[in-house]
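A.B. asks: All chains should be modelled from the sequences, with the hints used to inform the complete structure.
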Amino acid sequence: QQQVKQSPQSLIVQKGGISIINCAYENTAFDYFPWYQQFPGKGPALLIAIRPDVSEKKEGRFTISFNKSAKQFSLHIMDSQPGDSATYFCAAHYNNAGNMLTFGGGTRLMVKP
Amino acid sequence: EAQVTQNPRYLITVTGKKLTVTCSQNMNHEYMSWYRQDPGLGLRQIYYSMNVEVTDKGDVPEGYKVSRKEKRNFPLILESPSPNQTSLYFCASSNDGSNQPQHFGDGTRLSIL
Numbered sequence: 001q002q003q004v005k006q007s008p009q010s011l012i013v014q015k016g017g018i019s020i021i022n023c024a025y026e027n028t029a030f031d032y033f034p035w036y037q038q039f040p041g042k043g044p045a046l047l048i049a050i051r052p053d054v055s056e057k058k059e060g061r062f063t064i065s066f067n068k069s070a071k072q073f074s075l076h077i078m079d080s081q082p083g084d085s086a087t088y089f090c091a092a093h094y095n096n097a098g099n100m101l102t103f104g105g106g107t108r109l110m111v112k113p
Numbered sequence: 001e002a003q004v005t006q007n008p009r010y011l012i013t014v015t016g017k018k019l020t021v022t023c024s025q026n027m028n029h030e031y032m033s034w035y036r037q038d039p040g041l042g043l044r045q046i047y048y049s050m051n052v053e054v055t056d057k058g059d060v061p062e063g064y065k066v067s068r069k070e071k072r073n074f075p076l077i078l079e080s081p082s083p084n085q086t087s088l089y090f091c092a093s094s095n096d097g098s099n100q101p102q103h104f105g106d107g108t109r110l111s112i113l
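Protein chains in written order, with our numbering: chain V, 1 to 113; chain C, 1 to 113.
Everything labelled a hint here was simulated from the structure, so no lab data went into it. Computed from a predicted model, the values in this text were never measured in an experiment. Just so you know, even glycine gets a beta-carbon here, dropped at the ideal spot from N, CA and C. Some clues are possibly wrong.
As the list claims (entries may be wrong) - Simulated crosslink set (EDC-like; lysine to aspartate or glutamate; CA at most 20 Å straight-line):
#1 C:65 with C:53
#2 V:42 with C:38
#3 V:42 with C:106
#4 V:58 with V:31
#5 V:68 with V:84
#6 V:42 with C:1
#7 V:112 with V:84
#8 V:5 with C:59
#9 V:68 with V:31
#10 V:5 with C:38
#11 V:57 with V:31
Said to hold, decoys possible - Some but not every residue of chain V turned toward chain C, in silico, with C-beta under 10 Å:
#12 31
#13 41
#14 43
#15 100
#16 104
To be verified - A few chain C residues that don't get close to chain V, going by computed Cβ distances all over 10 Å:
#17 7
#18 11
#19 12
#20 14
#21 16
#22 19
#23 22
#24 43
#25 52
#26 53
#27 61
#28 67
#29 78
#30 84
#31 102
#32 113
C.D. replies: Set out below in structure tokens:
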């Protein structure tokens, strides 16, 4: 049973559009929420992360919105580019088990030129 | 260059034939872990290690073994592989702590026939 649910599974966006990926969690013990970006043939790489005491974090074209009461968080990619085409994973960190990350199921994003 | 190196990158083998996937990191990280990635399920943690000689089970440890005799190495051992262990495997390392990014290797694709 996945503790972090991610949607959609796939997403097609036109160049310049906004890509939005959503995640929901149940465990209130999670204390850190990173997003990872994965290109074919490569391992996931940290993109941006947020702690639950912050409602929004922005780094360039990437923004995380965090709603603690709803136990939801989302990734927004503004001005999406073909180079953003990749698989994105949300994750949640559970401090009681070392540095364990629980991942969502992933979203395959395709940005059309 | 800071990196996590996995070998082999690809392996096709048969049921019951013991195999080892090696993982090495050059960042002096305390924490290392193994994940498997399956479509729609994201990455699920198999085992993790918080330091030398300290290992513990993740979410899906059945059928796997690990060891941590040196800080830089964390091999994954399949004593008697079965077809349901066909998957894409990732090794990761990080400094200890909840907000420390995990650095992933480029993956090992295992096919068990």
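A.B. asks: Give a verdict on every hint.
C.D. replies: For each hint, the structure was consulted:
Among the hinted pairs, residue 65 of chain C with residue 53 of chain C is consistent with the structure: their alpha-carbon atoms are about 13 Å apart, no more than 20 Å. Among the hinted pairs, residue 42 of chain V with residue 38 of chain C is consistent with the structure: their alpha-carbon atoms are about 15 Å apart, no more than 20 Å. This hinted pair checks out: residue 42 of chain V and residue 106 of chain C have alpha carbons roughly 4 Å apart, not beyond 20 Å. With a C-alpha separation of about 19 Å, the suggested pairing of residue 58 of chain V with residue 31 of chain V holds against the 20 Å cut-off.
Restraint check: the Cα-Cα separation between residue 68 of chain V and residue 84 of chain V comes to about 27 Å, which exceeds 20 Å; the hinted pair is violated. At most 20 Å may separate the alpha-carbon atoms for a hinted pair to count; residue 42 of chain V and residue 1 of chain C meet this at roughly 16 Å. Only pairs whose Cα atoms come within 20 Å are accepted, and residue 112 of chain V paired with residue 84 of chain V is accepted, the gap being roughly 10 Å. With a C-alpha separation of about 16 Å, the suggested pairing of residue 5 of chain V with residue 59 of chain C holds against the 20 Å cut-off.
With a C-alpha separation of about 11 Å, the suggested pair residue 68 of chain V and residue 31 of chain V falls inside the 20 Å cut-off, and the hint holds. For the proposed pair residue 5 of chain V and residue 38 of chain C, the alpha carbon gap of about 15 Å is at most 20 Å, so the pair holds. Proposed proximity of residue 57 of chain V and residue 31 of chain V is supported: the alpha carbons are some 15 Å apart, at most 20 Å. The closest approach between the C-beta of residue 31 of chain V and any C-beta of chain C is roughly 5 Å, which is under the 10 Å cut-off, so the hint is satisfied.
For the restraint placing residue 41 of chain V at the interface with chain C, the shortest Cβ-Cβ distance is roughly 7 Å, inside the 10 Å limit, so the hint holds. Interface restraint check: residue 43 of chain V against chain C, minimum CB-CB distance 3 Å, threshold 10 Å, status holds. Taken as an interface hint, residue 100 of chain V checks out: its beta carbon lies about 6 Å from the nearest beta carbon of chain C, inside 10 Å. Because the beta carbon of residue 104 of chain V sits about 5 Å from the nearest beta carbon in chain C, less than 10 Å, this interface hint is met.
Interface exclusion of residue 7 of chain C from chain V stands, the closest Cβ pair being 14 Å apart, more than 10 Å. Separation of residue 11 of chain C from chain V is adequate, the least Cβ-Cβ distance of about 16 Å exceeding the 10 Å criterion. Residue 12 of chain C, annotated as away from the interface, keeps every beta carbon of chain V farther than 10 Å; the closest lies near 17 Å. With a closest Cβ-Cβ approach of about 25 Å to chain V, residue 14 of chain C is found to remain outside the 10 Å limit, as its non-interface label requires.
Separation of residue 16 of chain C from chain V is adequate, the least Cβ-Cβ distance of about 28 Å exceeding the 10 Å criterion. In this structure residue 19 of chain C is separated from chain V by more than 10 Å, as the shortest Cβ-Cβ distance comes to about 20 Å. Distance to chain V confirms residue 22 of chain C as a non-interface residue, since its nearest Cβ pair spans about 15 Å, more than 10 Å. Remark: the non-interface label on residue 43 of chain C conflicts with the geometry, its nearest Cβ contact in chain V lying 4 Å away (cut-off 10 Å).
The claim that residue 52 of chain C is not at the interface with chain V holds, since no C-beta of that chain comes within 10 Å of its own (minimum 14 Å). Even its closest Cβ contact with chain V, about 14 Å, leaves residue 53 of chain C beyond 10 Å, as expected for a residue assigned away from the interface. Here residue 61 of chain C stays apart from chain V, with its beta-carbon at least about 12 Å from theirs, past the 10 Å limit. At the 10 Å boundary, the C-beta of residue 67 of chain C stays outside the reach of chain V, the nearest C-beta of that chain being 17 Å off.
For residue 78 of chain C, the non-interface assignment is confirmed: its Cβ lies about 20 Å from the closest Cβ of chain V, beyond the 10 Å cut-off. Taking the minimum C-beta to C-beta distance to chain V, about 18 Å, the non-interface status of residue 84 of chain C holds against the 10 Å cut. Look at residue 102 of chain C: its CB is around 7 Å from the nearest CB on chain V, not clear of 10 Å, so calling it non-interface is violated. Every CB of chain V is more than 10 Å from the CB of residue 113 of chain C (nearest about 22 Å), matching its label as outside the interface.
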